[in-house]
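Visitor: Chains as they are written, first to last, in the working numbering: chain B, 1 to 246; chain U, 1 to 246; chain E, 1 to 246; chain D, 1 to 246; chain Y, 1 to 246; chain L, 1 to 246; chain A, 1 to 246; chain H, 1 to 246.
The hints are simulated quantities; they were obtained by calculation from the structure and are not laboratory data. Every residue gets a Cβ at the ideal spot worked out from N, C-alpha and C, and that includes glycine. Certain hints may be false.
Beta-carbon label-pair distances, calculated as ranges [claimed, not checked]:
#1 A:D81 x H:G33: 17 to 27 Å
#2 Y:E109 x L:S100: 56 to 66 Å
#3 A:I164 x H:K13: 25 to 35 Å
#4 U:T10 x Y:E109: 51 to 61 Å
#5 L:T5 x D:E23: 18 to 28 Å
#6 B:L9 x H:T5: 23 to 33 Å
#7 U:T115 x D:S148: 35 to 45 Å
#8 H:T10 x D:Y32: 47 to 57 Å
Calculated from the model, a selection of chain Y residues having no Cβ within reach of chain L, i.e. all distances over 10 Å [said to hold, decoys possible]:
#9 H16
#10 I19
#11 E20
#12 E21
#13 G33
#14 K66
#15 V96
#16 D98
#17 E112
#18 T115
A short list of chain Y residues far from chain H (calculated; beta carbon distances all over 10 Å) [as the list claims (entries may be wrong)]:
#19 S18
#20 F34
#21 Q60
#22 Y111
Protein chains: 8
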Amino acid sequence: MQSYTTHILTQLKNGHLSIEEAEEQLKGFTDYGFAKVDDEREFRQGFPEVIFGAGKTAEQILHIFKHLVYKGNTVLATRVDANSAEEVCRQVEGAVYDSSGRTLLYKPEGYELKTEKKIGVICAGTSDIPVAREAEVTIEAMGHRYVSFYDIGVAGIHRLFAQIEEIRKCDVLIVVAGMEGALPSVVGGLVSAPVIAVPTSIGYGAHLNGITSLLSMLNTCASGVTVVNIDNGFGAGYSASLMLRV
Amino acid sequence: MQSYTTHILTQLKNGHLSIEEAEEQLKGFTDYGFAKVDDEREFRQGFPEVIFGAGKTAEQILHIFKHLVYKGNTVLATRVDANSAEEVCRQVEGAVYDSSGRTLLYKPEGYELKTEKKIGVICAGTSDIPVAREAEVTIEAMGHRYVSFYDIGVAGIHRLFAQIEEIRKCDVLIVVAGMEGALPSVVGGLVSAPVIAVPTSIGYGAHLNGITSLLSMLNTCASGVTVVNIDNGFGAGYSASLMLRV
Amino acid sequence: MQSYTTHILTQLKNGHLSIEEAEEQLKGFTDYGFAKVDDEREFRQGFPEVIFGAGKTAEQILHIFKHLVYKGNTVLATRVDANSAEEVCRQVEGAVYDSSGRTLLYKPEGYELKTEKKIGVICAGTSDIPVAREAEVTIEAMGHRYVSFYDIGVAGIHRLFAQIEEIRKCDVLIVVAGMEGALPSVVGGLVSAPVIAVPTSIGYGAHLNGITSLLSMLNTCASGVTVVNIDNGFGAGYSASLMLRV
Amino acid sequence: MQSYTTHILTQLKNGHLSIEEAEEQLKGFTDYGFAKVDDEREFRQGFPEVIFGAGKTAEQILHIFKHLVYKGNTVLATRVDANSAEEVCRQVEGAVYDSSGRTLLYKPEGYELKTEKKIGVICAGTSDIPVAREAEVTIEAMGHRYVSFYDIGVAGIHRLFAQIEEIRKCDVLIVVAGMEGALPSVVGGLVSAPVIAVPTSIGYGAHLNGITSLLSMLNTCASGVTVVNIDNGFGAGYSASLMLRV
Amino acid sequence: MQSYTTHILTQLKNGHLSIEEAEEQLKGFTDYGFAKVDDEREFRQGFPEVIFGAGKTAEQILHIFKHLVYKGNTVLATRVDANSAEEVCRQVEGAVYDSSGRTLLYKPEGYELKTEKKIGVICAGTSDIPVAREAEVTIEAMGHRYVSFYDIGVAGIHRLFAQIEEIRKCDVLIVVAGMEGALPSVVGGLVSAPVIAVPTSIGYGAHLNGITSLLSMLNTCASGVTVVNIDNGFGAGYSASLMLRV
Amino acid sequence: MQSYTTHILTQLKNGHLSIEEAEEQLKGFTDYGFAKVDDEREFRQGFPEVIFGAGKTAEQILHIFKHLVYKGNTVLATRVDANSAEEVCRQVEGAVYDSSGRTLLYKPEGYELKTEKKIGVICAGTSDIPVAREAEVTIEAMGHRYVSFYDIGVAGIHRLFAQIEEIRKCDVLIVVAGMEGALPSVVGGLVSAPVIAVPTSIGYGAHLNGITSLLSMLNTCASGVTVVNIDNGFGAGYSASLMLRV
Amino acid sequence: MQSYTTHILTQLKNGHLSIEEAEEQLKGFTDYGFAKVDDEREFRQGFPEVIFGAGKTAEQILHIFKHLVYKGNTVLATRVDANSAEEVCRQVEGAVYDSSGRTLLYKPEGYELKTEKKIGVICAGTSDIPVAREAEVTIEAMGHRYVSFYDIGVAGIHRLFAQIEEIRKCDVLIVVAGMEGALPSVVGGLVSAPVIAVPTSIGYGAHLNGITSLLSMLNTCASGVTVVNIDNGFGAGYSASLMLRV
Amino acid sequence: MQSYTTHILTQLKNGHLSIEEAEEQLKGFTDYGFAKVDDEREFRQGFPEVIFGAGKTAEQILHIFKHLVYKGNTVLATRVDANSAEEVCRQVEGAVYDSSGRTLLYKPEGYELKTEKKIGVICAGTSDIPVAREAEVTIEAMGHRYVSFYDIGVAGIHRLFAQIEEIRKCDVLIVVAGMEGALPSVVGGLVSAPVIAVPTSIGYGAHLNGITSLLSMLNTCASGVTVVNIDNGFGAGYSASLMLRV
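With the sequences and hints as input, model every part of the structure.
Guide: Structure, rendered in structure tokens:
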């Protein structure tokens, strides 16, 4: 991976930037007052800054989204409500909203898949699908492939075994589950790929808005399972994509 | 079931009790100052009072144990440490100590199994065996049969499937598990018998001394699963025995 | 109980299924994309899949409901809001909505009670009735009988004693309570039937949305009490019904 | 109640104190460096400072104990271990140690009961007795009478009803219970006296060292029940004594 | 206090009840299906059943309210929203709604204060007033007097000392506080009357909806303080009233 | 700082107050029934009472606001919603509303900065700005200067290092962060000024509404960091201002 | 990876197993009563069963250890105390105990590294080293290489930057931290490799035995970070090794 | 404050360091394998690294202690047990152990107080003294003065008022309290200096090992109070010292 500094200096040398512009950009971020967009992120981490939409106005999301599009990036925004999404889609051609996962994705010209490897995205129940979708769009944004396995929770475990051979063909697995969160343990015991467990807030009463699923997954008896925050489909998709690149 | 009052009056009529004795016994308990032993329990609930040994001295346990033996009961004491157990066994012929489950059991003459039905006692890992043993001795005390299935947790789920037919032959199932507590959900989805889930304190860190297993089991996606307190093998064995009598 | 595989092969042999249909159905589930309905459930567990309505759209509920009706099952959906219920009732003749317990029940032709045994459904206060109703409709769905004992909490314990003889005639008991959740302990000490305790979210402040009732019930000093999740009337009714079949 | 200032000035006037001594004592406390003993407490609150022994050395306890004896007070120390108690008893004639409740009590000459009223001290189980004892010795220290009702928990509720008439004769009730802590609710619904509920740390697993009993009591459905900290027999005895004086 | 049974039999003897009516009423409650109103409550506990309005419909509240009015009682309902209150006030002449404390109170003819004693109701801040009001109306319902001391929290402790002499004249004290809940400790150290501490849900962040105030009060270093549930003004007023009767 | 008593007596001597007025004011607070405004606060603590707007009506806020303006104070109200703010601004000339921080500030004639020192206000993300704003307006109210450093969280730590020299010039630092709350630890290890950490409720799932950020900050491995309640920008600004005065 | 079944059948064909032996081994586990050792594990997951030593006797550990050595495996046991380790090392030549990480490792003849890739193991403080060691020995057991970076926590962040280039050369990173657990967020923002965060129980007070570090890591603002249980060095080393194989 | 780099270069120029030594030291830390001692700390933060003794061996503590002494620093180690302290004191002349606060302090030649300002260290009860001592020794190490006010908790609030004038003379206040943690709120409302609140683990039952005191202090109604971790006397002393330097 080329360093950000090399990238800017090259642009200066090539005449794409003035000295003033290069100087400004060497800081590595653009300051919009309400936000300092991290321009160096892709060079440091392999993927540009992702917009976390929760708690941002449509205007703020749009502002950052356009900045990133202008820089030529693949742009991903998560936790975007329908109204903000509509605003962005109206102004940015090519932006696509997934209403289940509540993601906005813009793929620049020249976007292509980076490997033949693939990530399996498993979810336990119908209600867990939105979290799975957030993971899947993230994987797509990062240039990777995924295969979906929905509604195969342990209450009817034959649904899992019916697809276990397909699951075993995946290079990394994401397992999304609410309730008692048992599925990552079962899957983790059946495969040799790394498993990322995503607890969801689907449940009631002593489920404690996902804390139960989270605790369950952290205490898995299966080896090879790591965990992300409750409902954090994005984090799972992002980490899984990094694993494909190892 | 004959009522306790009828029982006492019958004994009076038969001359086994004096009027004073009958009057005293109609209260339904014997008052030893530090404890009021519930003599009416068997007539009300189908099994005599069980001694919860934790926090009682060897002397107190022995005192109540002898009272119950004298009344002709099957006597069960749980959570009894080795020292107290030794004391009781020295003084009460026929008392048997299980050092794994830490139970003391005395079976009176004429003890016999009450049905042909049987309870399956499953545990997820080697470390869960003591809790399973507490359940098993309780089942034996109450006059029922059990079959053990040890160390068949979900990390190697073929160990469960290797025995699923035997498990399905049981009339009630007790499933003991620590860690993420996933096993009751998996078993619960495979059988038609009622399942009693027993969380154990086996785990570390975010296991919170069993709270994680407990929460997991309470949020099971399988139908037909009820739960008892952490490490409560006794409670599971007792309830399972009641279910055989329904 | 006949196995699911035998059932399908018999239908093939009888000409009710083509070879292709049988092959498809031997998988044991029907895949609708957003859900994999567990067709094998009744043969494995003794009752068909129950629809958990929370977090599902009216359309999704209706879709699965019709599938199950078409298969000839008794169909139960829980946690169904009034709008979804109206939609289902309009399209499925015979579906009945209970607005207190928020359940939808469809009983196929030939539905009948399976035993003479009965389940007592006790609740502590007026506000606990909806949870009791969910349990009762579940019991009805599974082909069993129940008797209701409402508003007999421990603040006026003579209301319980006024009915204790009727309660003792029940084969299994469900005790629903919020607040301090003391009722299952008191009932558990008076009967010989297994007791299923259902904590409810009725309370305020340090009640923690039902956690207090739940903890209280898990720590009961009475023997023979098992517990389900907060507000889980369905789970209690389901397990109680299984116990009748032991 | 005479004010502390009046008391000191009267002693000055009577010649029992010099001007310097009176000046020093008008501060209302004696400063020993490691502790400032509250000499004004009895005049402000009706009972002298009580020594909380936990975390204090035998030497510190002895020091304060002697100070209070010297001032002519009834002296109470709680949570005193056997070694410290032995030290105090050796040096202070008349000091009495209760090894169950772990209290030290010294009654000065002229100690007498203040009213005919009495406090009922109820406990649910044998293991709760030490907490009940702490309450009882506190009541005695404050010059009041108590009646004990031990081991009458709800698992055998006939033990409670056998004594309910005696209980109803008490002017204030203290109810001590561990496990699910149901007893204060049941008692609270049967009497017209104020009830002070004392949760204990007796239990295991989801009992959380007494938190369950505490939460249960705070959420009681009975009216007229107030609560103190876990294992706080002293606080209950103290408040109950104040209530007798209203 | 006359017993309920004596009361009913006397009415029968006097011809106010038929034999059938007396028989029915000897059960001690009236069964309305959704509720079993505890008619015996006043005779057992000294005050009739109080209606907990939360979670009840206007219709249900009205139904029970009228029943209690008809029986000649002082009637109190708590946690009643404005709509339900309007409905009751329209139909029951003499019912008065307190919109701050959200209580409904009906005082029958002949209502009068029972003692000259009085209860001090202290609150720490302006936002705690509604909880104080619930306590005050409860005290009034039970026939006792109260004095209000509002907004005298520890941030400006001179406001407390400005009124301490008035506070010391009260026979029982209720101290209502949110935030860190320090006020009951400070008051408890200054008076000789029993103190009932009421934590409120006023606060934010780590206040945890009142848990912080509750924990603080349970751990008070002052003697003579007991605690009720968060926002439970009713419970405090009720217990304080009982204390006046000791 | 002149004492409040001296202040009042001086006004009396100067003829600005009558004897009656002086007598009333020597109490140190003004009693409006629903609130006792602490007039002595500025003399005791160096800044007048601040209005906590949450849970107060527009009318109540306005009432106290006017009282404080009338007394000639700088007046600050926090957690004021837009409607209440509009009401106050309409009636009090010079009152200014900050819609981000939700503060109302009125600066009297003669307001001026008290020192050349300055407070750095750092926040980790865009969504933390409102809390930072509450701190900044508080600092302004107390007569001090601040410098803002927004959106420089650890995910792009070069944004922090780009400004570290400016940050090191501040005399006190406030660091506002949600999510994992790591920023105060990093800043704390780089500077010699005292750091006040403010956790925010920005996050989801296992963030527990700010508890995670709070716990993180309390456990910082950096020296010189103290912490305030979740979202408590006011508290941080207030304490930071006091530190400038040391 | 060859399947376990193929492996057994090949051995049968080759005459290394009798038909009876093959039949027995096709079950996939060896039943020792107290444990069912999962012989199929390596074929299913790529690494043989690892012995979790906590709660097992020296005898049990030794029994399973020998079984795995006999099968020709690399054998790893974690959480082994010094006494058990001594026993195993005496009886199994080649077993090596790491007293810091409390691991036992046996490498069979022919053990060799599987790739040139390497895992960076970072820890924040000296006290976190034992957890880092558990991870490192696990990595070694699985045939991979690691580089250690100890004591580079954020309180002196120049220690991290001094080694960042070496850290960036690693293919996967494990970051171990107690206290506020900030290090994974800082590292996660600086690298493009996947990061596994391991919270430790190092801390006190509000650290809650590691819960604070855990929550902090789950809420990281950096992308590409997944988390394992508190003190779970093994889990991190295992997952990191799997990632190298993707 | 001179920068660390300038310091090293000056020493090089002066001939106190060779080029190799200077190069090594410009890294800013000394690497001992088990620890990287932060040599730059004093230049960056104004005080050298402090040794946190918990979890370190006597040997490790001694090693780092000597390093810091050798560098000419004031050296402070906290949470040092008696055995480790003895070892250090034997080998390092001038090291002084405080057995109450469990601190080791070494003051180099030329140590002197830095200002005339002083810090008040207040504690609520006798058992809180060790935490106060940790704060006091830290203040001394950093070159500042403190005044102690012990055992002046709110249960006898006249003890606080007896010293309030002395307290008001302090420039910064540290308030240490366990139980309900009310003292910082009361003090905070009476003074104009910044207050640092230190919760302690002194209490029982619902005190939750200090969590109650911590929560209470975080929710203080007084302005100007910030909080540190439970029992963190060091942190309070350190921050208070920084405040004196503002």
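Visitor: All hints are to be evaluated individually against the structure, with a verdict given for each.
Guide: Against the structure, the hints:
1. A:D81 x H:G33: 17 to 27 Å: Holds: the Cβ-Cβ distance is about 25 Å, inside 17 to 27 Å.
2. Y:E109 x L:S100: 56 to 66 Å: Holds: the Cβ-Cβ distance is about 59 Å, inside 56 to 66 Å.
3. A:I164 x H:K13: 25 to 35 Å: With a Cβ separation near 30 Å, I164 (chain A) and K13 (chain H) satisfy 25 to 35 Å, so the hint holds.
4. U:T10 x Y:E109: 51 to 61 Å: Given range 51 to 61 Å: holds, Cβ gap about 57 Å.
5. L:T5 x D:E23: 18 to 28 Å: Holds, since T5 (chain L) and E23 (chain D) (Cβ atoms, about 24 Å apart) stay within the stated range.
6. B:L9 x H:T5: 23 to 33 Å: Since the Cβ atoms of L9 (chain B) and T5 (chain H) sit about 26 Å apart, the hinted range of 23 to 33 Å holds.
7. U:T115 x D:S148: 35 to 45 Å: Holds: the Cβ-Cβ distance is about 44 Å, inside 35 to 45 Å.
8. H:T10 x D:Y32: 47 to 57 Å: holds (53 Å)
9. H16: Its Cβ never comes within 10 Å of chain L, the nearest being 47 Å, so this holds.
10. I19: The claim stands: I19 (chain Y) keeps its Cβ more than 10 Å from every Cβ of chain L (closest is about 57 Å).
11. E20: At about 54 Å from chain L, E20 (chain Y) clears the 10 Å cut-off, so the statement holds.
12. E21: Correct as stated: the minimum Cβ-Cβ distance to chain L is 50 Å, above 10 Å.
13. G33: holds (39 Å)
14. K66: Holds: least Cβ distance 34 Å, greater than 10 Å.
15. V96: Nearest chain L Cβ is 20 Å from V96 (chain Y), so the label holds.
16. D98: holds (15 Å)
17. E112: Check passes; 28 Å lies beyond 10 Å.
18. T115: T115 (chain Y) clear of chain L: closest Cβ-Cβ about 27 Å, beyond 10 Å.
19. S18: holds (54 Å)
20. F34: Correct as stated: the minimum Cβ-Cβ distance to chain H is 36 Å, above 10 Å.
21. Q60: holds (35 Å)
22. Y111: holds (38 Å)
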